[in-house]
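Undergrad: As a plain string of letters, each chain reads:
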Amino acid sequence: MKHAGIVAWNTFREAVRDRVLYNLVFFALLMIAAAVLVGQISIGIEEVVIVSLGLTAISVIGLLMAVFIGVGLVYKEMDKRTLYALLAKPVHRWEFLLGKFGGLLLTLTVNTAAMAAGLFGAMLLVQPALKAADLCVLIAVYFILLKLAIVVALALLFSCFTTPLLAILFTTGLYVTGVFAQQIRGFGNITGSRTLDAVAVWFSYLLPNFENFNVIAAAAHRRAIPGALVLQNTAYAVIYCAIVLAAASVIFSRRNLK
Amino acid sequence: MTGPAIEIEGLTKDYPVGFWLAKKKRSLDNLTMQVERGEVFGFLGPNGAGKTTTLKLLVGLIFPTAGTARILGQPVSDVGMHREIGYLPEQPYFYDYLTAYEVLDYFARFHDLTAAERRARVEGLLKKVGLETAGKIQLRKYSKGMLQRVGLAQAIVHNPQVVILDEPMSGLDPVGRREVRDIILELKRDGRTVLFSTHILSDAEMLCDRVGVIAGGTLRGVGAPGEIVGLKAKGMEILFELAGGSGGAAIAAQATQTGNRYRIQVPEEELFGALEQLRGAGARILAVAQVKATLEDYFLELVGAEGAQGAAVEVSGR
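Those protein sequences? They're chains A and B, same order as listed. Per numbering that gives the first Met the number 0, the very first residue in the first sequence carries number 0; after that it's consecutive. Per numbering that gives the first Met the number 0, the very first residue in the second sequence carries number 0; after that it's consecutive.
Same shape as in the complex, but just chain A:
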């Protein structure tokens, strides 16, 4: 685990030095512009619009980073052969994968935290002070982060055996399908076929269910988010990431580095 930590820290350092966090400037500008403009175009729902816009921006920017950096995590190291010297050290391949995952997750956490701080700053521009009900905005940010963790794990899995372009297609495809996982579960009911119903249910369970992580609308309207959902989503993300990373580890541990 210590070795995975060393790899993770270096992955984070790479993101910082490659100026990945510059996207925060874009987010800050978006938030300032939104806070200034929103008061003029929305009457009485400024907070709702700002929270919706802010959380959506955090989610989209995070997803772009998770997919586009995630698919290169392993492939880039193999392509540039930076991995060769590393794997000649007493480092297991699963430690390397865990480290890459942890490093990107750390990058996304810092990024998301900074964006969340920006969002709360923008909220303070349109409301006098933060309220207890605003906690649901923080929970929504946490759910976005859990969702990003699953996306990073998937991108890392595809990065182990295919090219970045295909990995982007696979990860994005799975994400979009995962957003509609619950609808897929109900697909069998529509057709009336018991076989199709069973297949659809099993398929929907295999897919990452991202629908439960989307509480942006609830947060924007300051509706309380149940504690059980927080626990359920946390457990789901941890278990799903563990399964995907284990699969990635099995694939990568058998891979010849030509």
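Calculated directly from the structure, the hints in this document are not laboratory data. Glycine included, each C-beta is placed from N, C-alpha and C at the ideal position. One should not assume that every hint holds.
[What the hints assert, rightly or not] With a straight-line Cα cutoff of 25 Å, these simulated SDA-like cross-link-like pairs (lysine to any residue) come out:
hint, chain 1, residue 1, chain 2, residue 2
1, A, K79, B, R108
2, B, K24, A, G4
3, A, K75, B, Q137
4, B, K143, A, D17
5, A, K75, B, A65
6, B, K22, A, K1
7, A, K1, B, Y100
8, A, K75, B, V78
9, B, K135, A, G4
10, A, K79, B, A114
11, A, K257, B, K135
12, A, K1, B, H110
13, A, K1, B, R120
14, A, K257, B, G17
15, B, K24, A, K1
16, A, K1, B, A114
17, A, K79, B, G144
18, A, K257, B, A114
19, A, K75, B, K143
20, A, K79, B, K140
[Unchecked claim] Label-pair ranges, simulated between beta-carbon atoms:
hint, chain 1, residue 1, chain 2, residue 2, range
21, A, A116, B, P15, 48 to 54 Å
22, A, R254, B, G79, 17 to 23 Å
23, B, P15, A, Q182, 37 to 43 Å
24, B, E122, A, V237, 39 to 45 Å
25, B, S142, A, V237, 33 to 39 Å
26, A, A197, B, F18, 33 to 39 Å
27, A, L63, B, D111, 53 to 59 Å
28, A, F202, B, T64, 35 to 41 Å
29, B, I136, A, F202, 50 to 56 Å
30, B, G2, A, A234, 49 to 55 Å
31, B, G47, A, R253, 21 to 27 Å
32, B, S142, A, V24, 51 to 57 Å
33, A, A116, B, E122, 36 to 42 Å
34, B, E122, A, A128, 51 to 57 Å
Starting from the known structure of chain A, arrange chain B on it as the hints suggest.
TA: Same frame as chain A, but now just chain B:
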């Protein structure tokens, strides 16, 4: 501990090729060899011979189709064994957003060295490989030769027992090559085992206790450079002067002329006949010397030899 540093038995590597990856291409065929402890072993062969494949198999970057390999008695599949080995990949490339100091420190962290030990090792190595003043510059600004030096430094940052170097002289200028040679000799003095691949034969001749020649994935020969070079004379070389110009002897027509001096190489058994012929033509014999085979001759003979696809040619008794 006793026993060889590196033991390779029947190591074979096939790569799937073709669109459906159904065909197999053999990169390494039944390689069996040993590298003794404290030995500098040169692995010679033309491009695509199987040198890099062998070294990658030893450090676990690829997996064998058949056969086994052990380093210091432990199977190469054991990642724990990597504590005792250092590896320089061919044309190394490192994280270019890091400085040389940071790269070495990063790799040293995997070897449970304390911060003080790491600092001392990294600073010492940067000095040793001639990067003392460039240690704080990001690697994206480094030349190929400088990267090679960083690669060598990271391979030995943890003071390993066995050092495996893939083309360590590649991309280096004469000064850099000299420095790498000195480092290899220093490792040998410290009792380390060094296995390196190269196609610069003069380096192998200068550094190696033994060399192995590989071509087409098959080991063609193993032996000490001294034994190989001393095995047979290529012929005799005669240096002479002709008093009355070059037309005095038919043999002079076959000689290489430098000023009024001539140099000719003849088979050993024809030496006396040639000398008599030259004396008869009034030539003044300046020197007669034996021409020994070089490692290059040996290399070209083995690599170019037809029908050498089978068993390895054993040159030395070891």
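Undergrad: Tell me the hint numbers this structure goes against, listed in increasing order.
TA: When the structure is compared with the hints, numbers 2, 5, 6, 10, 11, 15, 18, 25, 27 and 32 turn out to be violated.
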